[in-house]
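K.L.:
Protein chains in written order, with full-length UniProt numbering: chain A, 1 to 1003; chain B, 1 to 107; chain C, 1 to 191; chain D, 1 to 414.
It is worth saying that the hints were derived from the structure and are not from the lab.
Below, a list of computed lysine-lysine pairs in the DSS-like style, where the Cα atoms sit at most 30 Å apart: (1) 981/A x 154/D; (2) 27/B x 887/A; (3) 204/D x 49/B; (4) 428/A x 65/D.
These are the residues of each chain, in order.
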Amino acid sequence: MSTRLATQGRLINRDKRLEFTFNGKRLQGYEGDTLAAALLANDQMLVGRSFKYHRPRGILASGSEEPNALVNLGEGARLEPNQRATTTELFHGLTATSQNHFPSLEFDIGEINNSLARFLPAGFYYKTFIHPRFAWKHVFEPFIRQSAGLGKAPKEADADRYEHFYAFVDVLVIGGGVAGLQAARAAGEAGARVLLIEQEPHWGGRAPVDGAVIEGKPAEDWVKDTLQALEAMENVTLRNRMMGAGVYDHGYALGYERVADHIPGSDLPRHRLWRIRAKQIVTATGAIERPLSFAGNDIPGVMLATAVRDYVVNYGVSPGDRTVVVTNNDDAYRTALCLKRAGLDVPMIVDVRPLVTSPLATEALQAGIRVETGKGIAKVKGRKRVTGVALCLQAGEGSVIEEVKCDAVAMSGGFSPVVHLWSHCGGKLIWDEANAHFRPDPARAPTGAQGEAFVVTAGMASGAMTTGEVLADADAAGKAAARAAGFTPRRFAAPKAAEEPSEPMAPVWMMPQGASYDLRMKMWLDFQNDVKVSDVQLAAREGYESVEHTKRYTTLGMATDQGKLSNINGLAVLADALGEDIPQVGTTTFRPPYTPISMGAIAGEARGEIFQPLRRTPIHGWHEAHGAHWEPVGHWRRPYAYPKAGETVEEAVHREVLNTRRRVGLLDASTLGKIVVKGPDAGRFLDMLYTNMMSTLKVGRCRYGLMCNENGFLSDDGVVARIDEDTWLCHTTSGGADRIHQWMEEWLQTEWWDWKVYVANLTEQYAQIAVVGPDARHVLERLGGMDVSKETLPFMGWQEGKLGGFDARVFRISFSGELSYEIAVPASQGLAFWEALMEVGEAYGMQPYGTEALHIMRAEKGFIMIGDETDGTVIPQDLGLHWAISKKKEDYLGKRAQARSFMDNPDRWQLVGLETLDGSVLPDGCYAIGEGTNANGQAEMFGRVTSTYYSPTLGRGIAMGLVHNGPQRMGEVIRFGTPDKSFVEARIVDPVFYDKEGEKQNV
Amino acid sequence: MLILTCPYCGVTGEETEFAAGGEAHLKRFGPGSSDAEFESYLFARKNEKGVTFERWRHANGCGKWFHAARCTVTLEVFGTYKAQVTEPPKEILAAIRKRRPGWEPAA
Amino acid sequence: MSDRAVSPLAGAESSGFAKVSEAGLRGMITLRGDLADAGFAGAVKAVTGCDVPGRREVVEQGGKGVAWMSPDELLVMVPHAEAEAAVAQLSQALAGSHFLAVNVSDARAVFTIEGAGAREVLAKLAPVDLSPEAFGAGQIRRTRLAQVPAAFWLSGEEVFTLVAFRSVAQYVFDLLTVSAKAGSEVGFLAR
Amino acid sequence: MKRYSAFAIAKEALNNHQGWKRAWAKAQPKRKYDVIVVGAGGHGLATAYYLGKNFGIRNVAILEKGWLGGGNTGRNTTIIRSNYLQDPSAAIYEKARSLYETMSQDLNYNVMFSPRGVMMLAQTEHEVRGYKRTAAANAFQGVETEFIGPARVKELCPIMNIEGPRYPVLGALWQPRGGTARHDAVAWGYARACSAMGMDIIQKCEVTGVRSEGGRVVGVDTTKGAIDCDKLAMVVAGHCSHLAEMAGFRLPVESVALQALVSEPIKPCMDVVVMANTVHGYMSQSDKGEMVIGGGTDAFNNYTQRGSFHHIEETVRALVETFPMISRLKMLRQWGGIVDVTGDRSPILSKTPIEGIFVNCGWGTGGFKAIPGSGWGMAELIAKGHSPLTDEFGLNRFTEGRFIDESVAAGVAH
Ligand SMILES: Cc1cc2nc3c(=O)[nH]c(=O)nc-3n(C[C@H](O)[C@H](O)[C@H](O)COP(=O)(O)OP(=O)(O)OC[C@H]3O[C@@H](n4cnc5c(N)ncnc54)[C@H](O)[C@@H]3O)c2cc1C
Ligand SMILES: NC(=O)c1ccc[n+]([C@@H]2O[C@H](COP(=O)([O-])OP(=O)(O)OC[C@H]3O[C@@H](n4cnc5c(N)ncnc54)[C@H](O)[C@@H]3O)[C@@H](O)[C@H]2O)c1
Ligand SMILES: Cc1cc2nc3c(=O)[nH]c(=O)nc-3n(C[C@H](O)[C@H](O)[C@H](O)COP(=O)(O)O)c2cc1C
Ligand SMILES: [Zn+2]
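So that you can see chain A by itself, here it is in the shape it has in the complex (with noise of 0.2 Å):
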């Protein structure tokens, strides 16, 4: 039975119980609890399933390197898998569920696994399913899917929010225990500015439960204390229920600070994400004690032995009425004691070292336990629930000595410091034959911005055994932080405690050291993964001889806990199977996280409306009042077409084309960019930008020009204006803006630094708004305030001026074929002109277009569009546009690229007009497909469409496309071939589709 101790219990209230449930039953712990505490206060030992055999589980440990307890958490919008109970804070109203089985926790049919286990071993997937082929996807995979994971799918959005914070520091610790706090002790008294991190509730870590004394009084009062110490200094932040997650270059640490995640439902981030630069970090991550591997040693009740530890001392809990102890060293002693004093019964304590005469095994004789030293477990009984061990002699094979009958297994195999932090960004290790762990090798720690070392480790983490060892490195360690981030340390002495004289720890693996296949099949390494010493020994046998292979072959360390309890003991065994040096194999590789954070902290505030900024233009609140129908364009959104009520999204498009042609529109171009060139070098400048002249444009005039990159392919167009001089104001693409801003400067940055220009991107200071239509002078007119005549201001022309009152800059531009007229306002003043337009324009019809409607309009003009006509493959010439590309120049950019022989080459495929035989619209993006095919056998394609439109204006299809010699095909039939298969016929002819004379914008 495991039970709640009348005593005990440091970490909880008594007074303030709390209730929950767990698979449905109502069950009470108190504040304080874990979720695991409380569960074992009940008596609910049996806690999961394993992954592949589906074993029934218990709680193993008691912090974050527990590999069974997981449940899933909650419900609903709250529904959290695979939480760990072990650092779950239970709070008033917690609802947990077991996972991993059906139909229930206690009887599971899944089971069946475990008595297959023998035909289950390692990597036996890859040797079976292989045939019949199609059985893999429609009866394997599916039956090996249907068992996999292990936590429930939530199936809503999370109902929590989330947050980031960025900290500056110059040391920043992480572990509060007493090596962290004594290490940010230091480095603040040096005067850092110091963050000390601690993933748990509380401070102090293993000490008070270990019993150890510093400075002559107990070390709970000593964390006390030094915790009242540090507060009291400025430069100190403490931060608990904050993990340090993950160490990454340049002094970059992410720390996952669970704000509320024992306060469900308050209005308070859940997660805090915090990205930490640190000059100096101090890991003072304590050390994680390692199972041992005899059989059975995963039957609920068999837990480790620092964890039963915690369970009676922290929270009052007994996981057993008699425990039997085993261990390979003097901590677990300790444990023995401890549940002796709880007044527990302690069977036996088995040591598989031949003789110990320490102090505590000593004290343990004196309380009268039996001590039995070089035994071990031959195998643990019971299957929910330990039921008694076996006992044998540790050097032999297993033959059983004596059965002792108990309800729980404290085993203890060692420590191995916590390196994981360390390791994350490049410390490495040495293996410490003494304490038979990896711990960080100071010589070759994590190297920084300037190549410096930037993590020192602290307390258990570096490997330090005893509380007096822990203490003075951990001081040593803060105070070398201190220096190496900038500041003098104070020459106080590190604190000291009473000694804890020890023997030296025993090396064991595998227990007993001769065990038969039978055993070693049910002693486990990776304890979720369901990974066996017997698995590890066949992946060495097979050839998956590296680390990295054992792990992948066998998925040891793979599991949630990333093998916090089982790496250590597995790569022993893989390089006893090897016959090779531990440190020879070495280690996997630490990976981030720590322990597993939530996604929702990663991505923060992002969500919802401000999952990304969405660009907006001074008119953007009109539009969505008339019912815009939006389409995103870069971060921008753009009104596509304005559906009136009754109408289809389609329909709206055609209205809005037909009434530009024959009466006015209006279209929001404020998206379009707006770059201003300006100085004495300007014209030079952009003549290299632009294929073709622009240092020749008058003021007052406009011209279309196109923007290569160095590749040749075209990349921008636009209308460049000349206002004065020496400035030029440059038109680009919505999607270009910022993008060709950014170009320009480069090249005038990194290229031609000596040349005198400026540039500037003036793209939101102004809305622009497209007045296009027969009657877009009148609309103008009845404004008033300028002349817009077609004398004063002809086709391509510009001028300033006021404009119904407005400041506006109008250009005489058309990208419809339409008389048209592009204006330009501060964008303060964006909507009020808009509104004045559609006020204006009343009488003429008028009536906003969006983006469709202009794609329409400009294909039905044959103009070209950049990502529609153009895809990064396309150069000018493939357009016909070698009216734009000058032969005067000496250069442009991409001009030398175009001189490439498959560029070079007139037999492109190249831009003409596409009609359909039967008047139909083309589809999307299709090929023309010829009769051959090529030696790859793919049929022969020699064009594509690149824009197709149902045309209101002409009553039918039109197209555009890129064809092989098409401009030389005039007249042709060619045939499209559909995805489907099929073949449409089309004929080639000019791309210009509507008023090719171009009469009507020329009014």
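On the provided structure of chain A, position chains B, C and D with the ligands as indicated by the hints.
P.N.:
Then chains B, C and D with the ligands, alone, in the frame of chain A:
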């Protein structure tokens, strides 16, 4: 997550304030250059495993392009310098040699 | 036509552990040129009454101000209605030299973040050390605010002025508002 | 080689699995080989395999500086599809995809090819057009794809939020027989088959120099000594520039870090692979239950196998938007790989300025799916001097300005 110092505005900021811009000190080849010269200008990258000279822009800051000498294996930065030069300045070379004795720039 | 001119969010406000407001229209001029040139400094002084600020510095006085944006660029601040005139005045004063002066008032949105928690509101969004030791009065920082560029400085003891692009004004306002949500004080910068 | 089967397992089970032999032999370098392949990733191993299988060239060594399959082959998000736009790409990726269909049988090693279907979301009009174009091209390239509407997207992937709020799903390019495979198993399966043909797979053997005489390759120097060869295939992904430098030429390649992450395992909830390129993230669920997630690359050259965390952030942000239910899942592990990105983002399978040296690189962020096709073509190139699968992927395309640009339709190449 690198930190870099912009030599123009002096800001020392994290990588997200900057934009990486590829190999530094490329010589532009235009009309009249050979196919090989032009191809190498556009494509043949040193892609050094070790000390590299590269371009960055202070995108979320002063907007200026600058150069950095960085190691692609350790990610340490030896220094940053202005973009208006055709080769790394002496101080930068010295800073590199200080930490990489005997290092010579690749041809 | 300033009576028809509206600021991007019409002075929207929100309050949590700091107060966030869209600060209305400001006149702003991008001025590029040789910052070390005496004539240049004179023109700036004539328009704003301020000296050319040092690297990453900002000066404000009497509703006008100048901020250092880059080695060849200043942001000149004047009342919104005076911006065009200021551009003209600068252009006249600098005529003959190589410079650029353009009105960017309407390309910007301006915010203030006020209160003891203002630093933390920004520190949730910008990768900048916002401790008082690292960032004080008279400094301007151009940086990234979540996913957009922004610049800010201290206009008072606990008042930040923040400038971003107009098109993302709503996004910036929403970001600041969420960051400032009451109860979510971090307690790191202001303890 | 002992054949793998359920029967063999049953038999071995009774023998306590003591009878299993090494999957591939431990080998020491011989003095000389007909062909040396540098790099025991998927592409190197597949190249060797098809040299042996299709051309009978078996005096082959595969040299690997670390552990075989430990490069990008062992750290990729395993997406397999062939719905590429340009002819040469569609040809090689479809060849690969079709070889994946029978790979488990061909190699007698279950690589768990899972043709569960891959969809690439269209979330802007531009993407809709791009993917319709790809579907149209694929129809005539022998690649089975389809442009599907939002309702079908939702039906295939119920956990997706197709309504936005920011970028509603307008449709998707759907390749029903795209999918995933067990990445490590691909490397192991090929290694086992190569070894069975008598080839030497030599691990922990780093090539440190390339020797040539009169413009012709004669051998390599390695950490296990000098080895001679008639032909040399460099198939080392992110390290190709480094090897090319040893041989004295430069490649149009840059090495950058690409990152990925997995969530904790949950019960099956997603039967297809989804790529969302507008917001930039992609996700699938592995047979073990983790959500396997990938995103973009760092823009600077990097050889560390670590990347910058803000890319993880962007990716996760995008996917929480697309799949709101993952918000309460947890990231279990993140990692990086060094990928080799070329000037046009398409691979290079080519002869080189040094006679006898061939390079296979530049697969960048998307070469896992190509492994068998690439090996097939590369083997033919090495054995016969050219291959229809590789002809268009030569280095000369950069001189000529003849690019194979895939980004034009899809934006990304994974
Ligand atoms: C995070 C990530 C996600 C990806 N996702 C996908 C995906 O979903 N779908 C997809 O199709 N592709 C994906 N890719 C790309 C894919 O992984 C690669 O294109 C592919 O694995 C490359 O295989 P390879 O055999 O060429 O290289 P690698 O597998 O990298 O093998 C090259 C080998 O060469 C060895 N080597 C290097 N130098 C030497 C030397 N001097 N001497 C000896 N040996 C040497 C290396 O150790 C390595 O083992 C992804 C890549 C990454 C990093
Ligand atoms: N049992 C033994 O054999 C033995 C031996 C030596 C010392 N000890 C005791 O253990 C103490 C060791 O002190 P210590 O401070 O080195 O270790 P510790 O284990 O006491 O403290 C480490 C602390 O770091 C925290 N932590 C770990 N990873 C973290 C992360 N990623 N983020 C945030 N917090 C994290 C843990 O929650 C813990 O509170 C000694 O004082 C001694 O009493 C025990
Ligand atoms: C498709 C895929 C699935 C993975 N699943 C897991 C997993 O379930 N658990 C885990 O720990 N790692 C998983 N990994 C990550 C690997 O552990 C490892 O990080 C990755 O292969 C890179 O190797 P490295 O971290 O050793 O450098 C997975 C990797 C891939 C490519
Ligand atoms: Zn700067």
